[in-house]
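If you read the protein sequences in the order shown, they are chains A and B.
First residue of the first sequence? That's 505 in the numbering used here, and the numbers climb one at a time after it.
First residue of the second sequence? That's 505 in the numbering used here, and the numbers climb one at a time after it.
No lab work stands behind these hints: they were computed from the structure.
Among the clues, some could well be false.
In this list, chains with the same sequence are indistinguishable; a pair is considered to hold if it fits within one copy or across any two.
The calculated EDC-like cross-link candidates involving lysine to aspartate or glutamate, where the alpha carbons are at most 16 Å apart (straight line), are [stated by the list, open to error]: (1) Lys972 <-> Asp883; (2) Lys1053 <-> Asp524; (3) Lys667 <-> Asp592; (4) Lys854 <-> Glu956; (5) Lys904 <-> Glu887; (6) Lys664 <-> Asp561; (7) Lys635 <-> Glu754.
Protein chains: 2
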Amino acid sequence: MKISIAQLNYKIGNFEGNKDLICKALEKAKKEGSDLVIFSELCIPGYPPLDLLDRVDFIEKCDQTVREVAGFCTGINAIVGSPTFNPDPEGKKLNNSALVLSEGKIIFKTNKALLPTYDIFDEYRYFEPEKNFSIFSIKGIKIALTICEDLWDEQPFDNKFEKSRLYTVSPMDELSRYNPDLIINISASPFSYTKVEAKKNIFISKAVKHKIPVITANQTGANTELIFDGASLIISPDGKIFRQLGYFEETVATFSLEDVISGATTYKNIVYEPVSLVHKALITGLRDYFAKTGFRKCIVGLSGGIDSAVVICLASEALGHENVKALLMPSRYSSEHSVSDSISLAGNLKADYEIISIEKPFSAFLETLAPFFKERKTDVTEENIQARIRAVLLMAFANKFGYILLNTSNKSEAAVGYGTLYGDMAGGLSVIGDVYKTDVYKLARYINRESEIIPESIIRKLPSAELKPDQFDTDSLPEYNILDSILYQYIELQKPANEIEPDGFEKLDVDKVLRLINYNEYKRYQAPPVLRISSKSFGDGRKMPIVAKY
Amino acid sequence: MKISIAQLNYKIGNFEGNKDLICKALEKAKKEGSDLVIFSELCIPGYPPLDLLDRVDFIEKCDQTVREVAGFCTGINAIVGSPTFNPDPEGKKLNNSALVLSEGKIIFKTNKALLPTYDIFDEYRYFEPEKNFSIFSIKGIKIALTICEDLWDEQPFDNKFEKSRLYTVSPMDELSRYNPDLIINISASPFSYTKVEAKKNIFISKAVKHKIPVITANQTGANTELIFDGASLIISPDGKIFRQLGYFEETVATFSLEDVISGATTYKNIVYEPVSLVHKALITGLRDYFAKTGFRKCIVGLSGGIDSAVVICLASEALGHENVKALLMPSRYSSEHSVSDSISLAGNLKADYEIISIEKPFSAFLETLAPFFKERKTDVTEENIQARIRAVLLMAFANKFGYILLNTSNKSEAAVGYGTLYGDMAGGLSVIGDVYKTDVYKLARYINRESEIIPESIIRKLPSAELKPDQFDTDSLPEYNILDSILYQYIELQKPANEIEPDGFEKLDVDKVLRLINYNEYKRYQAPPVLRISSKSFGDGRKMPIVAKY
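Work the whole structure out from these sequences, hints included.
Here it is as structure tokens:
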């Protein structure tokens, strides 16, 4: 039997567009003599549809699209993912279904049993879990069809406090009673740079346990924060990887099931540097945010620092240098190299830029406020005014010319609140808001891997907000390598305060950092959506109370 | 048997403070000869603790606090709510538990079985549901102890597409096998102005069905967006309300169970005007946001319009007029009455105010941008600059003097994106972001119920943003009564487009309004937390994709 995996990039709610993608893949697979094409979880509406699932007309459109795709399945079978109405009188209104289509009909249907409801996932919000398990056959091959988490009944967690068996059911144990010949898993599994190997191992362990092949189909592309790496797998019965589809690539791959079973693998495991995958992920996130919203052009404020430098390089690669505009907005406190370095960078990228001094609006604000502030000392107020003036200028360009403002805050800053709300925290999309400062440096080095795009002086200078004379980040924050280690242990690993290894740092200072993280929840609440590349990013996946005693 | 309901106002994570509240209530109940005090759901950590539940040290503190409260239960029994570690090897790491405490010990424990996971609720994110049901006895009275949603196995939904039986289990049907004498329900049930009667009816129906009394204990007070109305109920076996505790009031009420059973009710149902409850809710939300964050003073930009007028009146009532500061920030487009009406209003409230022209910064921005904008026509860019200058000024005062900026956007504006990001959409808390414009008028009339606090001219003038000459809201939006009706049908009732009654309005225009709602998701994503008073507010309870085809 010939099987194809369709690893595609869907847009949420774009039923016509998604159907076209699916039908083109079916066409290609037919030409390649395929018997079965596997599409990803919820491919019909695109993933994640969120509360669009609460709208009856949205589900009706899913139904209609499934029927249309089924009509296209002549001489070929397809597995697609779609929400369907739960036929039972009780429970959630929907199921998260995998549907087998053939000759205009739905010939088999099963629903997701394990509904991830943690981090960014909230599937029990919408779906009733499957309780009855069964298999289906194509050309005499008995297939156990599972949906993403269904194979993750046993999973490693970063948070030690979590149980490794998060569910009381194991769908594959139930399905194994029917002695299937093959496990298929359709998924919409977002990228996380720490989960690349863990994902492979989950599938390998199932192949080995049940001594049959595992074939997975993941979606790719990005929908706002979430970036899907694709990397769909074909695993032989002895747990060897037969083939892996490309990271962040749309592709339709056809292969012979007999080859998989015979174990004729020629696959070589390529260990990717995490930074190269993070780089691809962010490019994908940027590209799709623009492609799917219909915007073409972005604007970035270039400070002369490493964060905005990395963001503009990513944007230039994702959107083309002709679609990138930079504003250089020096103040009375800006160093000369801030402007000259930024000009070099824009030049290297062939990106259009303007230099706009913020002096006039800054003076006007100071004058306007002087009668009220009187003898009060200069403090963070005046620093924030500068950051906010820059946001006003950037947004003015965005409004006048139709740019999307890219936010350039990194995860370390966002964590400790080192940023100005309505100032440098502004933007339509946070590009590196899930990248710790130390990893921003790694990205910069990676961007410069072939030639010096980011001037070396930008990479080497001490981080500074330049909002008052001789200001450096380390005046009020620990060194970034120490800070990032604390942040990772607290945010990703969710360690209690007393278990965080301060890495040579004072215990007292660890507590101070944790207090900063918690105190600044109110700022992050109003931050733009963040491209997610880790297992715990700020945003919907981390829901912390604003008003609480920490 | 004497029973007390403790309807209290907890702060999330404030273990010492919550314990003190609980112990004082126990003390009072003891003096009143009570045998059992009922506290609300998750009273130990305060509700909603959100992802603090992912932190093992947080749960350990809950455990510790429960033990301390148990030690205080001498000669009296208490029911408290707390997360507990799930002892089973599989499943979610926690249970949402009700614990019966007596003489230093936990004498009974049961867990929530129905875990609301919709709208603002996400309990399956943390908790494993109860599957084994049992009852306990105090003084020979057999008690069926349930937690909030456990009694809501059958519930009315606004969205017709939802099933009325959202769960496949009915905890009370299971518990009824033990022939209990009494149903107790502990809850943390947030206020919604449309749910006041529905809540009563749920409890009444359970009393009538099982022919035994129902006693409920809800929390009160607010935690960021969520406002809890208290209004705990005692219902007699024939479904009559024996007593209802006050709305939004902290109280400990003791009564004799025999009186409840004998049906000796003297309760008179008071039908509250929704506007009076909404008013109380917003005051509670404001008061607790400040009390629980430790801030005292707020700042409000007064435009001369009705929204900011209502917000400052609510703030003055919640925080005291001495803690309210108003900024009047006229521009070249402001009408004279904007300033004079605002001065009258501030005077009526005895609130401190300053008049600050935005002309200097506005001119400075126009000058700074002129070389780049060249011959381009004036458009929404220049309107947004004005709104953003005002945000810079308000935030400068907030930063310099320690005010919290209150946001004054209403729900109708937020819905259609009639507001400037980083401008009038700024603020630490959105006070009326869940109040439709037509209801803002009702609130204004209610505020003026005894004397004219809000000048009549503010109530009567045509809504205008005053960002360009002769601008009125109705230039680009339908009349607010028509708009709000469409919004309510789409947002609260989640009707499909073709079922929305346009109320004399053109079908074409309904579609335009729906497009505006969906298009502006990116703005609302960055809005401040909104005090929630409806069944569907913007914020965490409404998760819509930003990048999607609607």
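Please write out, lowest number first, the hints stated earlier that are contradicted by the structure.
7
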